[in-house]
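Asker: Given these sequences and hints, build the entire structure.
Chain order of the listed sequences is A and B. With the first letter of the first sequence counted as 1, position 336 gets the number 335 in numbering that gives the first Met the number 0; the numbers rise by one all the way through. With the first letter of the second sequence counted as 1, position 15 gets the number 14 in numbering that gives the first Met the number 0; the numbers rise by one all the way through.
None of these hints come from the bench; they were simulated from the model. Positions of the beta carbon are idealized from the N, C-alpha and C atoms, including for glycine. Take every hint as true, because none was put in to throw you off.
Derived contacts from chain A toward chain B, CB cut-off under 10 Å, selection only: (1) 3; (2) 45; (3) 56; (4) 58; (5) 61; (6) 102; (7) 109; (8) 221; (9) 222; (10) 287; (11) 296.
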Amino acid sequence: MNKKQKKMLIRIVISAALMVGFHFLPFAGPLRFASYLIPYLVIGYDILLKAFKGIRNRQPFDESLLMSVATIGAMAIAVYEDGDYTEAIAVMLFYQIGEWFQSYAVGKSRRNISELMDIRPDYANIEKDGRLEQVDPDEVEIGSVIIVRPGEKVPIDGVITEGRSSLNTSALTGESLPRDAEEGDEIISGCINMTGVLKVKTTKEFGESTVSKILDLVENASSRKSKSEAFITKFARIYTPAVVYSAIALAILPPLVRMLGLGISAEWGTWIYRALTFLVISCPCALVISIPLSFFAGIGGASNAGVLVKGSNYLETLSQTRYVVFDKTGTLTQGVFEVNAVHHNEMEEEKLLEYAALAESASSHPISRSLQKAYGRETDRSRVTDIQEISGNGVTARVDGVEVAAGNSKLMERLGIDWIDCHHAGTIIHMAVNGEYAGHIVISDVEKPHAKEAVQSLKAAGVVKTAMLTGDSRKAAEHVAADLGLDEFHAELLPADKVSKVEELIAKKGDRGKLAFVGDGINDAPVLSRADIGIAMGAMGSDAAIEAADVVLMDDDPLKISKAIRISRKCLRIVYENIWFAIGIKLICLVLGAVGIANMWLAIFADVGVMIIAVLNAIRALFVKRL
Amino acid sequence: MKKSYKIDVDCANCANKMEQAAKDTAGVKDAVVNFMTLKMNVEFEEGQDAKAVMQEVRRNCKKVEDDCEIFL
Numbered sequence: 000m001n002k003k004q005k006k007m008l009i010r011i012v013i014s015a016a017l018m019v020g021f022h023f024l025p026f027a028g029p030l031r032f033a034s035y036l037i038p039y040l041v042i043g044y045d046i047l048l049k050a051f052k053g054i055r056n057r058q059p060f061d062e063s064l065l066m067s068v069a070t071i072g073a074m075a076i077a078v079y080e081d082g083d084y085t086e087a088i089a090v091m092l093f094y095q096i097g098e099w100f101q102s103y104a105v106g107k108s109r110r111n112i113s114e115l116m117d118i119r120p121d122y123a124n125i126e127k128d129g130r131l132e133q134v135d136p137d138e139v140e141i142g143s144v145i146i147v148r149p150g151e152k153v154p155i156d157g158v159i160t161e162g163r164s165s166l167n168t169s170a171l172t173g174e175s176l177p178r179d180a181e182e183g184d185e186i187i188s189g190c191i192n193m194t195g196v197l198k199v200k201t202t203k204e205f206g207e208s209t210v211s212k213i214l215d216l217v218e219n220a221s222s223r224k225s226k227s228e229a230f231i232t233k234f235a236r237i238y239t240p241a242v243v244y245s246a247i248a249l250a251i252l253p254p255l256v257r258m259l260g261l262g263i264s265a266e267w268g269t270w271i272y273r274a275l276t277f278l279v280i281s282c283p284c285a286l287v288i289s290i291p292l293s294f295f296a297g298i299g300g301a302s303n304a305g306v307l308v309k310g311s312n313y314l315e316t317l318s319q320t321r322y323v324v325f326d327k328t329g330t331l332t333q334g335v336f337e338v339n340a341v342h343h344n345e346m347e348e349e350k351l352l353e354y355a356a357l358a359e360s361a362s363s364h365p366i367s368r369s370l371q372k373a374y375g376r377e378t379d380r381s382r383v384t385d386i387q388e389i390s391g392n393g394v395t396a397r398v399d400g401v402e403v404a405a406g407n408s409k410l411m412e413r414l415g416i417d418w419i420d421c422h423h424a425g426t427i428i429h430m431a432v433n434g435e436y437a438g439h440i441v442i443s444d445v446e447k448p449h450a451k452e453a454v455q456s457l458k459a460a461g462v463v464k465t466a467m468l469t470g471d472s473r474k475a476a477e478h479v480a481a482d483l484g485l486d487e488f489h490a491e492l493l494p495a496d497k498v499s500k501v502e503e504l505i506a507k508k509g510d511r512g513k514l515a516f517v518g519d520g521i522n523d524a525p526v527l528s529r530a531d532i533g534i535a536m537g538a539m540g541s542d543a544a545i546e547a548a549d550v551v552l553m554d555d556d557p558l559k560i561s562k563a564i565r566i567s568r569k570c571l572r573i574v575y576e577n578i579w580f581a582i583g584i585k586l587i588c589l590v591l592g593a594v595g596i597a598n599m600w601l602a603i604f605a606d607v608g609v610m611i612i613a614v615l616n617a618i619r620a621l622f623v624k625r626l
Numbered sequence: 000m001k002k003s004y005k006i007d008v009d010c011a012n013c014a015n016k017m018e019q020a021a022k023d024t025a026g027v028k029d030a031v032v033n034f035m036t037l038k039m040n041v042e043f044e045e046g047q048d049a050k051a052v053m054q055e056v057r058r059n060c061k062k063v064e065d066d067c068e069i070f071l
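Answerer: What follows is the structure, encoded as structure tokens:
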């Protein structure tokens, strides 16, 4: 609670106590009025003052003015009838309680969300004359060496020059598994160093570092307003004047009609009272506060889960996503080649792999590296002699004195060896040992561990169609698409083709549902910006991705896509709940008030109660852990 | 030119009013008030002096909402 809130709380308590206390005093007439005036002024003086200033500045539909008119009117009726003053005081009291609660709740969620995003480093350690000195990260120049001790946040992006440690990246990625880092590795600001002391040579200024960019992005995200927010702003602008005019009409027209038209008594008091209840309901606070609060909480919750959403508008679009188009390499697959299978082998798989790895041991080609990796042991180069690389074909060599040939079908034909074609997608290494065909090894890009699950969970989240675009061969694409259960794939595309393909898909899908493109942000920036919503993944440290996309997944787990969609759905559901709930209750109370069923108390509920419920509901958008 | 200012305001509706008041100020191309982060992002028209315009924005905001503050 800040000072303002404390002061208000004291005023609320005093005024409420006085109001209840005076109820038991046997005052009557002017004395009663005078005594009840005290709690009224205690709770409402600032509102009355504000209303007066509002009139002076010609802002007639200020809510303080409405509250003032409503309560002064209620007081006047009470004086006239020497009746119930508590109603007027209660209206003011509850209005203030509502305002107090709103300010408290908003302040609390502001703090909550900034705690969730508590990645801002306060200082950087620099070694000076053998001692550590804490300096403002802003003052550290590029190329300086900073020291990060266990438990501290990495303040600036850089490269580790000394030490090894595990890094907790959960604040950035939502991933709880620590990541190992050692000398020579790039390190990203915002991670928490867990075990060892690290010396880091900075490669960026603080303002350009990942942590600053992310904070900037999240803080400004809620400034990009969504359609629902724009709707509420417009609605609020119309709603208040409309209710005020109908209140005036309600106060004047029915009595006139009764008096002149029907010739019965006008009952001014009743109708003015009903008009005053209108004024109490006229504040659109519940809507105006809860909608931006929902988006703010939704964006905050999402960033805590490692999903950065660049604006409320994108959260809204994301929730309407029905079509998801993926880039293949780096998005659904790891972009790393791996031995997938060994076929038609006469000898043991391991033996064949050993021959292949040894024969290719001189090469540093990705294919050769994947063979070494599959072999799994150190390759002893002394066992290999007579290595001959035949460009575009493969390698022949002697391994342990045995003649080994490893390469494509051309190599086999060149050597006059019969080979068996493979029906698998990927790069095929045919092997011949001692001049005889010994089988082939299939090397292909591996799917990410969660890729299949990700596609399934997108379907479960209501995505109608999934598609994949790739520059890779048709065979490889077909294999991945079938394996992951994608509905559609387009292969052998140049980067420019991807844009036109996405445009084609957007045109084909019609207006309903939005199309999201998911890429790794490295060379698909144009596609990311062309899609209804661009999602970049594996963005830790990649400026290009953060720049180009609307939604940024901090790690490269494709499962996060459906999570992001579910977070946005929850947020939008809350937004619509609040819109319907608040407008609905207010309209019902207006009708009940007009026919005289609703009194001032119900009007207070329609104003303050609805606002409190809507705010509490809005805060729910923050909780996304179990989605 | 775009600039961001810290503001203080109590209610969300008042923030909307401030936004409108800022938008209507001469020399302001566009303005967005973010109630949740208590920030006002102002885009100025070409060749305008941000300081002078902001004084005017502040005055206009005070007119619609007495209880607000823009930290210039």
